[in-house]
Amino acid sequence: MNGQEQPATPGGSGSKDKAVLQNIKELGQISTPQAQEPEVQPFHCLTIIGQIEGHMVLPPRNKTTKYEHVIPQLVAIEQNPKIKGLLVVLNTVGGDIEAGLAIAEMLHTMKTPTVSLVLGGGHSIGAPIAVAADYSLISATATMTIHPIRLSGLVIGVPQTYEYLDKMQERVTRFILEHSRVKADVLREMMFRTGELVRDVGTVLVGEEAVRIGLIDEVGGLGVALSRLAQMIEPDAEGGVQ
Amino acid sequence: MTVLYTIVPLEDVLEGIDDDPAPTMVLKLGGLSLEVEQLDGFQAKVVRLLSTDPEHYLLPHCQPGAVIDLK
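Line by line, the protein sequences give chains L and P.
So for the first sequence, my numbering puts the first residue at 90; every next one is plus one.
So for the second sequence, my numbering puts the first residue at 1162; every next one is plus one.
Here chain P stands alone, though its shape is the one from the complex (with noise of 0.2 Å):
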């Protein structure tokens, strides 16, 4: 169950929500999985990081967001 506390009135906040996310897949790097985000060919966004040891989540290309050369 999701409870919103916020001041931005809710439809604002959530516009967009019934589009369609982009797909998602999980890549294997160095020992780490990270949900990734397909941009094209030769690069992924990182959704988020998937590991039990807290010190992969300081590690800059983990940050949601990171772009990942996948080469």
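For reference, chain L alone in the conformation it holds in the complex (with noise of 0.2 Å):
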């Protein structure tokens, strides 16, 4: 199509090779979305990956998703008119509460449509995520734990009292109850179940059941989810001139 595709790059194939190994190494994904590019992909796709990092730097062995980059990244995408829609792939053991927070609340006030895919697990924090997108799936195989703050919670910088862990936990209790189908008195059963979980409270959810609670939406894969986006923008490319 355009007669520039290899920018120069003294390395050529090599040093592509290098990048995305250090991409596999550094984010755990393949490659990095791309700026506004000749040939912009109409779906964009965000990995929330390993622990979501907030207000402290993990040490280096965690693999974390870093929010104060994910969220002037969702702002691009929601600003350019090119990206018709983000896939919001999961794969989190949690993190972060008010990092995770910020960014459910930025996709779920995104105009762009947005769907979520739990793939492996969406743990902890990663069950608002997962709910804050438009429509959400989760595969068959992926696991959500849904526990109690207290299971391993780290309070840092306030005196640990159970007020305050416990109005941590009704943010997060209410993100999900206002954006998925779950019923208020199922999701505290399920979060202060006994008996589950070795360590602790909670429940873990694999595939299915997270759909029958109202939780997620949708069994399904890559597949379901962008042929999910592509229809919730369809009036959009009827009306457009494509």
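There is no bait here: all hints are sound.
Here are the simulated EDC-like pairs of lysine to aspartate or glutamate, each with C-alpha atoms no more than 20 Å apart in a straight line:
id, chain 1, residue 1, chain 2, residue 2
1, L, Lys152, P, Glu1198
2, L, Lys152, P, Asp1179
3, L, Lys200, P, Glu1216
It is worth saying that the hints were derived from the structure and are not from the lab.
From the two separate chains plus the hints, produce the assembled complex.
Shown next as structure tokens:
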């Protein structure tokens, strides 16, 4: 299509391979979102992996999603008229509650259609992010752990009072309840269920179970996710000059 | 204040937290500022991007972990 497909890099394909390897190492993904190119993909993909890093820089052994980078990316995606939809792929073990809720709120308030896909795991603070999208999917084998903050909660800078933790918990619970079909009593019962987890209380939901309680909309994979996004932008595509 | 809400045991998340982080410096690169960690005399690794233009956050060479040649 365009005459200059390859940017003039001295290393050629070798440096491209190096860049891919480095992306996998640093960000856990093969390619990073690209800025406006002649051919902009209609859908962007945001991966939420490892720990969601917030106010505290986590030690280097953690694979982290840095919220201060994700948030401006969401702004850029929202502002770019060429980007028609956003696929959010989650495989996270949780993380900073405020960073996680910030990403969830950004996703929820975007006008760009969003679909979330939980692959592998969407635990703890991953749950509000998954339900924040316009439509949520979970793969059949993926798991989501619903548990109270106290399971392995770390509080720095404030007295660890029950009331404080309870307020933090309430922010998460309320967000999930407002953005999914799950019933308040069901969610609370699962969160504080004893016996299912070894160390503490909580519930592990596998694929179909998350859909049954109304937390996630549908069991599906990449194909379903992309066709849902395509359906969401269809009216726009018909109206515009394509 | 930080509250971690995660299934990973706290001792695993915080392993190595007492190690001193590598020193960083701010690099001005074509109108934007990058906080970088110097790898050797000729290369630096991006730690964070300091910019108010959201489009900058989509540039591949501004992603955390990207290595920049200092030449």
